[in-house]
Amino acid sequence: MSDFLEAENEEQALEQLHEMDCTDGLPVVIPTSDRVVKFILASGLDGDMVLGELGPAMGIATVEKVAVAAVMAGCKSDYMPLVIAAVKAAAEPAFDLSELQATTHCTAPLIIVNGPARHNCGPVASGYGALGPGHRANASIGRALRLCLINIGGGRPGVSDMAIHGHPGKFSYCLAEAEEESPFPPLHVSLGFDTSDSVVTLLGCEAPHSVIYSDDADDPEDAEKLLHILSVGLANLATNNAIFASGTVLVCLGPKHASALARADHTRESIQERLWELTHAPKTEHIKYGGEFGKAFRDDPEGTYPRIPTPKNILVMVAGGIGLYSMVMPNWGGAANTNSAVSVKVESEFFCAIPGVG
Amino acid sequence: MVSLITEDFWGQGTFVAKSLGMPDIPRVKLPHPVAGLGEVKIAAIADSVVETILDSFENE
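Chains P and W supply the protein sequences, listed in that same order. Numbered as in the working numbering, the first sequence ends at 358 without a single skipped number. Numbered as in the working numbering, the second sequence ends at 1060 without a single skipped number.
Hints should not be assumed to be uniformly reliable.
[What the hints assert, rightly or not] Listed below are the simulated EDC-like cross-link pairs for lysine to aspartate or glutamate, each with C-alpha atoms no more than 16 Å apart in a straight line:
#: 1; chain 1: P; residue 1: 295; chain 2: W; residue 2: 1039
#: 2; chain 1: P; residue 1: 283; chain 2: P; residue 2: 299
#: 3; chain 1: P; residue 1: 38; chain 2: P; residue 2: 53
#: 4; chain 1: W; residue 1: 1018; chain 2: W; residue 2: 1039
#: 5; chain 1: W; residue 1: 1041; chain 2: P; residue 2: 292
#: 6; chain 1: P; residue 1: 288; chain 2: P; residue 2: 300
[What the hints assert, rightly or not] Computed from the model, here is a short list of chain P residues facing chain W with C-beta under 7 Å:
#: 7; residue: 60
#: 8; residue: 278
#: 9; residue: 281
[To be verified] Sample of chain W residues lacking proximity to chain P, with all beta carbon distances greater than 12 Å (derived):
#: 10; residue: 1001
#: 11; residue: 1008
#: 12; residue: 1009
#: 13; residue: 1043
#: 14; residue: 1044
#: 15; residue: 1046
#: 16; residue: 1048
#: 17; residue: 1049
#: 18; residue: 1052
#: 19; residue: 1053
#: 20; residue: 1056
#: 21; residue: 1058
Hint data in this document are derived by calculation from the structure and do not stem from the laboratory. Remember, predicted model here, so these are calculated numbers, not experimental data. Note that beta-carbon positions come from the ideal geometry of N, C-alpha and C, so glycine has one too.
Kindly generate the complete structure, drawing on both the sequences and the hints.
Written out as structure tokens, the structure is:
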């Protein structure tokens, strides 16, 4: 059971939570016992059920503690299966959470939602402005995970979260794949799940970098030019991936760019393969501009190196409105598992709709 | 085992040591930052802390 705080009213309770560094700096919904219990009931799971251990504090994430965060974040109880899946993913060793929370890099966990839960546990937006304001599920599910990382994982800026700058996605970073607008199979299917599954894929990554390309259906080299531009944004020498030659990155194709690639008979796999090829670069550039890290290739300066380890380390999804933009998200690439992406199936069969609970 | 931690990361080191159940792990404080200082300055820092590091090993 969680400890209880006492306050005369919600205003006083909010100030108390701020003073205890239990918030992300913004006002939160006060996690009263009544509200939290309803969220636990809605999850259909035992409040004491352990979902995992969150570093660097190595706090135990129970359903109850996650429900507290979900209430504070402004979630509807419908979102609980997605928040729970995101927490489970963060607790997987391959995610390197302790190091991710502690690093000086700005990395933040991005939640990507696939499958029916995009609608059943949301709706989680995947279209215009999906990574921006105005989408309750996106905003509050991402925020709930952040509050778990703060209050269970102990990630607090300047103390245990040593990000030099951080980035706004550390408040909330969540979107769904626009499966209906995508010419490719859903991301989770490409990762080995069934179409009917709902899956959360978690990737620690930088803020989205915009990539503009005005596609031209009459240009036979259109797709290749688009892939070139994406590769420039994805692994330029200013990114950790280019410097460390490690990590996993995300390409979030706008639907129009996805169509341009499909028009050239590209598949997700061929996009990954070609982007990987295009992100090979001369070692001499790394040696010249890599600072201290440039020493890595000084004994073997000939030829090129892959700035991203393998094609599979380039995740490709489709989201956003219709226009000339895609997004790329480089990542940190550090720690024992090089900051891998982790996918977890959403368990929503236990979910119960509780009358009167949003 | 001795941990070398820079001034700005001292609090984080304390936090992680506690959470990993090693609150008393020997730690030696270095100035911050140490990256990119060049060999001369880093050698000077090494000279200034080497005795402390050795003492920490002996007291372990």
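Each hint, compared with the structure:
Restraint check for residue 295 of chain P and residue 1039 of chain W: the C-alpha separation of about 14 Å stays at or below 16 Å, so the hint holds. Restraint check for residue 283 of chain P and residue 299 of chain P: satisfied, since their Cα atoms lie roughly 11 Å apart, inside the 16 Å limit. At roughly 24 Å between alpha-carbon atoms, residue 38 of chain P and residue 53 of chain P are farther apart than 16 Å, so this suggested pair is violated. A distance of roughly 33 Å separates the Cα atoms of residue 1018 of chain W and residue 1039 of chain W; the hinted pair therefore is violated under the 16 Å criterion.
Of the supplied pair hints, the one linking residue 1041 of chain W and residue 292 of chain P holds, its CA atoms being roughly 15 Å apart against a limit of 16 Å. In summary, the hint linking residue 288 of chain P to residue 300 of chain P is supported, as the alpha carbons are separated by about 13 Å, within the 16 Å threshold. Evaluation of the residue 60 of chain P hint against chain W yields a violated restraint, the C-beta minimum of about 12 Å exceeding 7 Å. Taken as an interface hint, residue 278 of chain P does not check out: its beta carbon lies about 31 Å from the nearest beta carbon of chain W, beyond 7 Å.
Interface restraint check for residue 281 of chain P: the shortest CB-CB distance to chain W comes to about 23 Å, outside 7 Å, so the restraint is violated. Interface exclusion of residue 1001 of chain W from chain P stands, the closest Cβ pair being 18 Å apart, more than 12 Å. Separation of residue 1008 of chain W from chain P is inadequate, the least Cβ-Cβ distance of about 8 Å not exceeding the 12 Å criterion. Taking the minimum C-beta to C-beta distance to chain P, about 6 Å, the non-interface status of residue 1009 of chain W is violated against the 12 Å cut.
Annotated as non-interface, residue 1043 of chain W keeps its C-beta farther than 12 Å from every C-beta of chain P; the closest such distance is 16 Å. For residue 1044 of chain W, the shortest C-beta to C-beta distance to chain P comes to about 18 Å, beyond the 12 Å cut-off, and the non-interface label holds. The Cβ of residue 1046 of chain W lies farther than 12 Å from every Cβ of chain P, with a closest approach of about 16 Å, so its non-interface assignment holds. With 12 Å as the threshold on Cβ separation, the claim that residue 1048 of chain W sits away from chain P holds: the shortest Cβ distance comes to roughly 21 Å.
No Cβ of chain P approaches the Cβ of residue 1049 of chain W within 12 Å, the least distance being about 20 Å, so the stated non-interface status holds. Under the 12 Å C-beta cut-off, the non-interface status given to residue 1052 of chain W relative to chain P holds; the minimum distance is some 23 Å. Once the 12 Å rule is applied to beta carbons, residue 1053 of chain W is consistent with being away from chain P; the minimum gap is 22 Å. For residue 1056 of chain W, the shortest C-beta to C-beta distance to chain P comes to about 22 Å, beyond the 12 Å cut-off, and the non-interface label holds.
Interface exclusion of residue 1058 of chain W from chain P stands, the closest Cβ pair being 29 Å apart, more than 12 Å.
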